[in-house]
Structures are given as structure tokens and as C-alpha cells.
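Participant: For reference, the chains in residue letters:
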Amino acid sequence: MMTSGQPGEFLDASIRSATPLLFAALGETVSERSGVINVGLEGSIIVGCLAGVIGATAVGPVAGLALAGIAGMAIAGVFVLFAIGLRSDQIVTGTAVTMLGLGMTSTLYRVRYGDSGAALTAPTLAPIGIPLLADIPVIGRALFRQPLPTYVVATLVPAVWWGLYRTQHGLSLRATGENPEAARASGTSPRRLQAVATLFGGLCGGLAGGTLVLAQVGTFAEGMSAGRGFVAIAIVALGRWHPVGAALAALFFGMVSALQYLAQALGLEIPYQFFLALPYLLTLAALALASGTYRAPAALGERHGAST
Amino acid sequence: MIRRAVRSVVELALAGALSVTVLSILLVSSGYPVSDALAALWDGAFGSWSAIASGTLIRATPLLFAGIAVSVAFRAGILNIGAEGQLLMGACAATAVAVSLPVSVGAFGALLALCAGALAGAAWAALPALLRLRFGVLEVISTIMLNVVALNATGLLVRGALQEPTGTFPQSALIDTAFRLPRFLAPTRLHAGVVLAVLLAIVTAWWLRATASGFRLRMTGANVSAAESAGGINVARVAFVAFLTSGALAGVGGAVEVTGVTYALYENLSPGYGYTAIAVALLARLNPVSAIGSALLFGALESGASAMQRDAHVPAGMVGVAEACVILVLLASEWLGNRLASPPSWIRGPAPLVEQPVSGR
Amino acid sequence: MEPPLGLPSGTNRAVNAQAPRLALEGITRRYGALVALQTAALTVARGEVHALLGENGAGKSTLMKIAFGLEPADAGTIRVDGHPVVFRSPRDAMRAGIGMVQQHFALVGAMSVAENVALGGTGRLDLQHTSETIRRIGDESGLTLDPDAPVGSLPVGAQQRVEIVKALSRLTRTLILDEPTAVLAPSEIRDLLRWTRRFADGGGTVILIAHKLQEVLSVADRVTVLRRGHTVFTATASQTSEGELAEAMLGTAGGGTPPARTRTRRASTAPVVLALNAVAARDARGFERLTDASITVRGGEIVGIAAIEGAGQRELLRVLAGRLVPSRGTTVLPAKIGFVPEDRHRDALVMDATLTENVALRDAGSRRGLIPWSAIRDETTALLRERNVRAEHAEVTARSLSGGNQQKLVIARELAGNPSALVVENPTRGLDIRATVDVRNALLAARDGGMAVVVYSSDLDEVLALADRVVVMVRGRLRDVAHDRESVGLAMLAADA
Chain A
2 MMTSGQPGEF
12 LDASIRSATP
22 LLFAALGETV
32 SERSGVINVG
42 LEGSIIVGCL
52 AGVIGATAVG
62 PVAGLALAGI
72 AGMAIAGVFV
82 LFAIGLRSDQ
92 IVTGTAVTML
102 GLGMTSTLYR
112 VRYGDSGAAL
122 TAPTLAPIGI
132 PLLADIPVIG
142 RALFRQPLPT
152 YVVATLVPAV
162 WWGLYRTQHG
172 LSLRATGENP
182 EAARASGTSP
192 RRLQAVATLF
202 GGLCGGLAGG
212 TLVLAQVGTF
222 AEGMSAGRGF
232 VAIAIVALGR
242 WHPVGAALAA
252 LFFGMVSALQ
262 YLAQALGLEI
272 PYQFFLALPY
282 LLTLAALALA
292 SGTYRAPAAL
302 GERHGAST
Chain B
129 MIRRAVRSVV
139 ELALAGALSV
149 TVLSILLVSS
159 GYPVSDALAA
169 LWDGAFGSWS
179 AIASGTLIRA
189 TPLLFAGIAV
199 SVAFRAGILN
209 IGAEGQLLMG
219 ACAATAVAVS
229 LPVSVGAFGA
239 LLALCAGALA
249 GAAWAALPAL
259 LRLRFGVLEV
269 ISTIMLNVVA
279 LNATGLLVRG
289 ALQEPTGTFP
299 QSALIDTAFR
309 LPRFLAPTRL
319 HAGVVLAVLL
329 AIVTAWWLRA
339 TASGFRLRMT
349 GANVSAAESA
359 GGINVARVAF
369 VAFLTSGALA
379 GVGGAVEVTG
389 VTYALYENLS
399 PGYGYTAIAV
409 ALLARLNPVS
419 AIGSALLFGA
429 LESGASAMQR
439 DAHVPAGMVG
449 VAEACVILVL
459 LASEWLGNRL
469 ASPPSWIRGP
479 APLVEQPVSG
489 R
Chain C
2 MEPPLGLPSG
12 TNRAVNAQAP
22 RLALEGITRR
32 YGALVALQTA
42 ALTVARGEVH
52 ALLGENGAGK
62 STLMKIAFGL
72 EPADAGTIRV
82 DGHPVVFRSP
92 RDAMRAGIGM
102 VQQHFALVGA
112 MSVAENVALG
122 GTGRLDLQHT
132 SETIRRIGDE
142 SGLTLDPDAP
152 VGSLPVGAQQ
162 RVEIVKALSR
172 LTRTLILDEP
182 TAVLAPSEIR
192 DLLRWTRRFA
202 DGGGTVILIA
212 HKLQEVLSVA
222 DRVTVLRRGH
232 TVFTATASQT
242 SEGELAEAML
252 GTAGGGTPPA
262 RTRTRRASTA
272 PVVLALNAVA
282 ARDARGFERL
292 TDASITVRGG
302 EIVGIAAIEG
312 AGQRELLRVL
322 AGRLVPSRGT
332 TVLPAKIGFV
342 PEDRHRDALV
352 MDATLTENVA
362 LRDAGSRRGL
372 IPWSAIRDET
382 TALLRERNVR
392 AEHAEVTARS
402 LSGGNQQKLV
412 IARELAGNPS
422 ALVVENPTRG
432 LDIRATVDVR
442 NALLAARDGG
452 MAVVVYSSDL
462 DEVLALADRV
472 VVMVRGRLRD
482 VAHDRESVGL
492 AMLAADA
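Protein chains in written order, with the working numbering: chain A, 2 to 309; chain B, 129 to 489; chain C, 2 to 498.
To be clear, the hints were calculated from the coordinates, so they are not data collected in a lab.
Since the model is a prediction, treat every value here as computed from it, not as a measurement.
Here a beta-carbon is modelled for each residue, glycine too, at the ideal position from N, C-alpha and C.
One thing to keep in mind: the hints can contain errors.
Unchecked claim - Derived DEER-like restraints, expressed as beta-carbon distance ranges:
1) W334/B with T123/C: 54 to 62 Å
2) A160/A with T123/C: 13 to 21 Å
3) G78/A with I130/B: 36 to 44 Å
Make a model of the complete structure from these sequences and hints.
Facilitator: Laid out in C-alpha cells, this is it:
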């Protein structure tokens, strides 16, 4: 039976699951537009999760979120050092960084909180209601009574858009992802731009991890990033390498995962794996069907500069 | 031949020494007793027949299958990071065959299950291959997504079509003995899949080296332009074949897990074998025979890590950090090697004239 | 009031009215053993169109890349308005008001004209403003462009306009154009040359790298000629002639070209092996480079192709070698054709594979089953010996060989396949004298063995030295010419076929 609260709850759940995904996807959008595919994003997210818990228990949830971002950026620094500094293969480097992040967090967690991983609860970020707006029926709670990260990511979308499309550095960054030689000939430094873009991606990945623990789960578990870095790469593709597209695609992924709760509530016998797999299949279909107009940056993943 | 073998053994030993060094530093810095922890690691990896056979070798086997798979793809210049998904689909198909065919197939049961695994892995790899060749979708992106899809498909199957008869646990029924790989060295868990993996490594290396199609694959991966212009090679077809072969190898790996180790399909059958396989292949310099050694190293590290966590209460994740460091050091040495091998530009002379068309898609 | 486009609009430095706008003095640039520039000099005054002439490989592009900060000079001084400057990157040169349109455009095909023009600035991106600038420059200069059009969809001429407008939008006062007419249609060439004249008359400065003498004399104020890295000639355009320039460019004799073994030129009467009839072909960008080419090559002769850069020889050679399918016309090609492309690192060899594997590559596409490695290794070892390829043994990588030995290996491999025809592109580029002689002798021996051989070289002396018959290619068409330096040279440089 459907109650009047359910559409609102569904939207609320969608937005909550979409928030960390959107953080990660926005960062990955920026780095992929500069020609860098960072498979190590998963590493940034898991590191952000643990840093978030540590910061939140030591100081407070907002400090935890900040520490999560810094930690995510720091491990992305390893990726930058190798994939951009030493021109190593981006995929291999990314795989190593993800392994590093997963191994490091599980080690630190056990070292710090004991073998059993004693039930650890971090203070979480409470939802902040925006007066009046939060009281709008159905959508009010979903849109205007959310924890801090949701508002941050919501402002980050237009900010990233502005940065990519309304600043000269954004233009240079996009040109680097398409044709690094052209960017170089016009007097910019492709590798510096790629390094900055990838570090920003790591920052966002860390914030995604911080959001996951501080606004949703409230605790750390080994491997809790659960492939969200890979989800983000899919979202970037579905969002056509555009920040607004990424927002819509993240919301779509969030809705699909919220759908499982709705299905449960409605007593439908559809296994949740179906919902989890569906958006990927749709993304692949979208990529294939619109292959002419709908494409990755031309120089994505290239070890450019290796020839010069 | 001998020089290459010696070099890969030396590299393997260095990688092993490096991971133990990194591990020791991590242990010291986090205040664990180094000797106890390393002793536990050694015991878990090589300390006894049962540790070697039931631990290290069993762990190394899926890594070797997937490592060969990754090597074949990377050799062809294809960034297939979908070995994880292809392995899972192989496991699903093998289980499906084993629980649905009559037991009367007898000795062919296991063989049929492995063939089903190979076919399913190849079919799963055909998707990104088609997406790449027909639609230009980067295989890095598509294989990442298909890994997630495969994981969820497995989850779906163990709760649906392949769930055990009582319908309570998210796993398949145990497969009948007819479909199980023969075991030897009882009471260890050593199974025929280990032998198969080593055989496939040797056969794949031979294929790449001795046959025309293997040669085409290597040349296409090394220089597409020369392969096409000087060799008259149909590079698209080579890429497709490489994708399917890679998928089939990973798929057999999944089938072997089910028919040799678990005897049932589980959702978390693979703790990321397909991803670790990238490190295995890389450490082996994409040579399938050398991958036997690197798969053993990683298998030993992971088997030892479990023992270390159990007996010395040292987090197993530390071994993951050590593995990651091995890859990073390898990348750094590759960079150093390139720097030393290629003299500065003023010695090298002018860069070749390369036409750089404006990309107008 | 807005200053006229691209004209001096105020500068931080005191402008010395007497000093030349740009002076390059004693510029030397070496690439390993190859000396690209040897104390080359170029002085360009404000308000002039200055043509820089020279054969391929004379050092024109290198000199201009140094002037634009894309390459460092090993020795020499650059002065702008009399002040010595050091350009570490194009950005430094741009700050000094120097812009360059390179032969291969540095454009982002997926982006709009406005985005490409704006690329490289700092601060806020205001495409509206950039679009206005593009329109204004278009109104003033005649270089009209749609600011919103994606660059990848534009024809080559318009892409070139994007590059020029991009330079002008940065208040470039000295514009270097590297062989700008090579890719243009005749009417586009006229428009471009008219524009350069107007730009110079308005106080700007243009350095025009060019091949075609008629074009050059019609627009330039002064001319400088480079030959083999030296500045050999400078004159006022009105006081020189096509003949004088051609002589300065080509030199009177072969210079340092090593002689091939003595031989007689002869007319072959053997059957025709290669034939093209009214063939057209497109390059990778879809631009029709080969428009109407007809040629026949008989067994036992070497046909030399002479052409300036971008005349369509690249596509011609690939059609002849069976590597490019023509878009029009009919072809007669034998089953086996050997091909020696100019970029051996990219198109002929797998650098990290062994010599044996590189020899095996020849039949890789059609081979079945097992590869007879020991037989191929023996074949390779024999080839190394016969063709004088210096390598330790057949199992070293191609990368470990010197450039000359790599090239000898490629030729040996192609000839060992017993082809009926051999197509060769710039066979001795970058090789030392000894290797050059070996390569040329191999080609002559192939001809003597009855093979049909086609040779293109950007070095005219090489074409003349090797060919029994010379065909000149101009703008996608071929025509026969007499086998002497002067007629070939003039035919190549003609403004139109």
C-alpha cells in the first residue's frame, strides 16, 4: 500500500545515495576532461571514509569531512606522481592506488580500533533544514532537509560547470583532454593542468568517502567504498563528461538504488541486484547508441608526451 | 630463453624481497612484532605441505588464469580490466552446467563445466569488444561497468535460478562429484585446476610465440600502424580474437574455482582476483610463463596474510599495501629504464614526422 | 577607438624605430650528427612580407620554430626591435608579439572556432567577447569565420584562417606562416596572399615560408633563401627573378650528395607492372590530395617522383603500394608490392621486436599455423650479411640498430619477399653517407633485377640520381618532365600544373 509519504521518502533516499556518487563523479569528470582516467578514485573514496571517521571522532563531523577530502587528495597525489610525473600507464597506476587505499585503510583501521573492528560510531552530520522550504509537502524534506555534503555538492555542480566552461583554465583543461599538443602550442602546460585536475578529482573522491560515513553509515567498515569509484566512472560516461550531466546521471543511479527500498516497501519481489546492474546496462547502451556525438575526450587515458 | 628465465626469477625474488621489506617497515611503524608476523606469514604461505597446497597454490590458481587473460589482452594493446567479470561469468556458467546436466555425463562433467566457463567468459568479453570495434566505446570504461554487472548478475543467480533447493542461502547447490575436478595429495585441497592453469600458461606462451595468430596479436599490440602497413594484418580482427581469448581464459579460471575449490557458486566467489591479476601480469612483464611465478608470489602473500591475521593478529590489509608498493616500484623502474635507455633529445635526433590530423569527429 | 587589427598597439619596450622588427643572427641547431642550421641569419623589417625559401630540409621550419620558442637554438641570438631576447616557450614569443601558424595546425577539432581562438589565455572565459573579436577581425581583414562552428567540420582553408585569427586576436605583430599555401585551393591562395599584403601595409610583419616562386615574388618585399642550413641569399623581391631564386635554392650542383654507383639511365621496354589511370584519393582527414593521377611503371625502371610538400605524393605512393584504396579511377597493381615508408619507426618496424620478427612481419597477414622461426632466423641472418646490415645477430631488437641499419633491414625485408614492384618514400632521410650509398645501390640492383621501382624523395638530387624517368607531381596531378635539374625544379615550383 502506498502512503502519501512514500514519494518524498523515495526522493530523499535517492538524493542521499546520489550525494557521494556525485562528489566522486564530479571530480572524475574534471580529471577525465583533462585526459586522465583515474581508476584509483576508489582508493580516494575509501581513504576518505576512514579519514572522515578519524576526523569526526577526534574533532567533529565537519572536520572529518575536511580531513576526508585532504586524504583523498593525498592518495591521488600518488597517482599524479606516477601517471603524470613518470608517465606510467594510467590504468595500472590506478589499480595500484586502489589496492593501496584498500590495504592501507583496513590496516590503519585495525591498528587503531582493534582486531575485531569494535563497533565504532562516529558523530554524523545532522540534516540541516532550510526554513520554510523544508516544510513543502513531498519534496521539501528531500530537497531542503539534507546534511551539509548534499548542499556542498549541489553548489559544486554549477561551480565545476563555471570553472570548465567560463574560465580560460577550464578551456585549456578541456583542450588538453582533446589534443594536448594544441594546448601546448597555445602556451599552456598540459601536464600541470592534468595534475591539478586529478588532485581535484582525489579531493572530491575523499569528500565522497567522508559523505558516506558522516552523512549515511556513521561508521567505518573495510572495503565500504564497495566499488563506488567504478560507479562514478560509469556516471561520468552517462553524464557525457559534463557536470550537469553527471548530476542527472548520479541522481538516476541514486534513484535506481532507492528503488529497491521502494520495491521492498511495496512488497515487490524484485531482487535488488537487478536494480544495481540496470543503470550500467543502460549506460553501455547509451554509449553505444550515441557513439557519434557522445564520446569521451579524444586523448583520454593516453600516455601523451611519451613520444616527445 | 635461459637469460629471460633467469631475469624473471631474479625480478620475482626482488619483488618478493621488496614486499617483505615494505611489510616489515609497516609492521615496525605500527608496533607489531616483526619476527612473529613474518613467521606467521611464512607458515601460512610455505610453512607446511598443507599451507603450500591448500593455501598458496589454491590462491595462486585463479590469479594465474586471470593473469594469463590480462597478459593476452595487454599484449594485443587492449586494456581489458574486465577479467573479474569474465571470471565470475565463467563461474556462473560452470555452475549452471553442473546443476542442470544429468550426473550420467560422468567423467566429462568437469570438462563440460570448464568449457561452459570458457564460453561464458568469451561471451562476456565479446560485449566490450563489440562496443569498442563497432561504437568506439573505450574498453576501460565498458569493462569496469561489466564487472559490476557481472557481480550483480551472480548475486541474482544465487538468489534465483541457481539458488540451492531450500531457498534459504544465497548460494547454489553443491555440484555433484561428477562435475568436480579430481583432487590429489589428500588431505590438501590441491586440485587438477592447478595443473590446468600451468598448462594453459605454457600453451598460451607457446601460442603467442610460435603461431601466426599469436604473432599477429603481439605485433598489433606493439605497433598497430606497422602491423597494418608492413604486415598487412587485419588489426580489428586481431583485437576481437584477443578479447575473446582473454575472456575465455578468465572464464575458465572462474569455472575452476567452482569445480575445484568451492563446489558451489557464491556471490563473493572472487575477492578481486581479476584486479590483482593486472599486477600479476605486469610483474610477469605480460609473459604467461613468468606469470606462474608472479601468481605464486601474490598467492603466497595472500595466503600468508590470512595466516598472519589469524595467528599474529596483524591486519591482512598490510599485504595489500605491500602488493601495491611492488607495482609502484615496478612502474618507477620502468620509467628509470626508459630514461636510461633513451638518450637525451640532442643525441636522438629529430622526432619522426608524424602527421597530426585535426580530430574532426 | 580600437587599434587596427594586429598592429602595434603600444608596447612595454621602447621601440627602436631603426632596428629591425625581428633579427635572427648566427643561429645554429644540431640534431645529433645532423646539422639543421649552421649560423643561419634572417632580418625582417617592420611592415614587410618576407619570404623564406629553401628546399625541403633546408632548415626553414627549424629556424622559424626557434623564432617562435618551440625549439631552442644551440647558438645564436634573437633580437626583437633591437633587444636581445630568449624564448623558452611559445608563450614568451607571443608576449613579444610573435605568432606562428604551423604546417600542421594546433587546433582542437571538437571545439568551436571561438573556443580555439580563446585557448591559451587566462582569467575569465568570455566567448561572447571572443566571438565579437572574431567578427571584428573578419570584417577588417576579410578572414571571415563562424565563431560557433566546430573546427573539426571546417575545410582546411578555414582551419588555417582560425589559426591566423587566433594569432591576430593576441595582437600579434609578426606572423610566421609555415608553408601556408600548400594545403589551399588557388582562390584561397590568392585571398591569403592579398591579406598578408594588407597586414604588412598596415604595419604588421609577415614571414612566409614558401616553395612556389611565382607566389613568393607576387607578394614578398624581400626574400631570404636557406640551403642546407645556411643563409645563402637575400634580396629585394623586385630585384630578383625566378631563375635566380631557383638557382639559390637548388644550388648549381649536387653539393654533398654522395654518388651512387655509376650507371646508365635507360628506357625500359619491359611490360607495365604498375599503372594508375585518373586516380583520386583522400588523406586521413578526408581531403582529396590526389585528384587525377595517371602513371605507368614498367619492370626494370626506376620512376622518380619529384614534388613539393603536400602535393599529394604521400597518397600517390600509398595507392601505388596497395596500402590506400583510391576513391576514384582504375589501378593495375601486382599481387606483391614492397613498400618502404618514410617513417620507418611508425609504419615499417616494430621497434621492440627482434630483427627476425620484423622480417616475419612481411607475411604476417596471410600466414597460417606455425611460424617457421628457425628458417626465418636463418633468412634474417643471411639478409643481414647480404645487405650489409650491421647487427650483433638476428635476435636483437630493431631499436638497438642505428637508423641506417634499420632502413637497410626494411629494404632487405621488402626485397626478400620477391615483389614485382617496390615503392620507396624518402629512403635515405636521416641516414649517414655510407648507409645512403648502400640504400641507393640496393634500389638500383632491384631495378637491374627487373623490378618496377618508384622512388619519392624530398631531396631533388636524390630523385635525379636514382631515376630513369622523372615525374613531377603538382597539386594531385602528375606530369612527365625532362630529366634535368632545371626543368624538374621549375615544374615543381610552378604555381599551377
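Participant: Against this structure, judge whether each hint is valid.
Facilitator: Hint check results:
1. W334/B with T123/C: 54 to 62 Å: holds, 58 Å
2. A160/A with T123/C: 13 to 21 Å: holds, 19 Å
3. G78/A with I130/B: 36 to 44 Å: holds, 42 Å
When each numbered hint is compared with the structure, no violation occurs for any of them.
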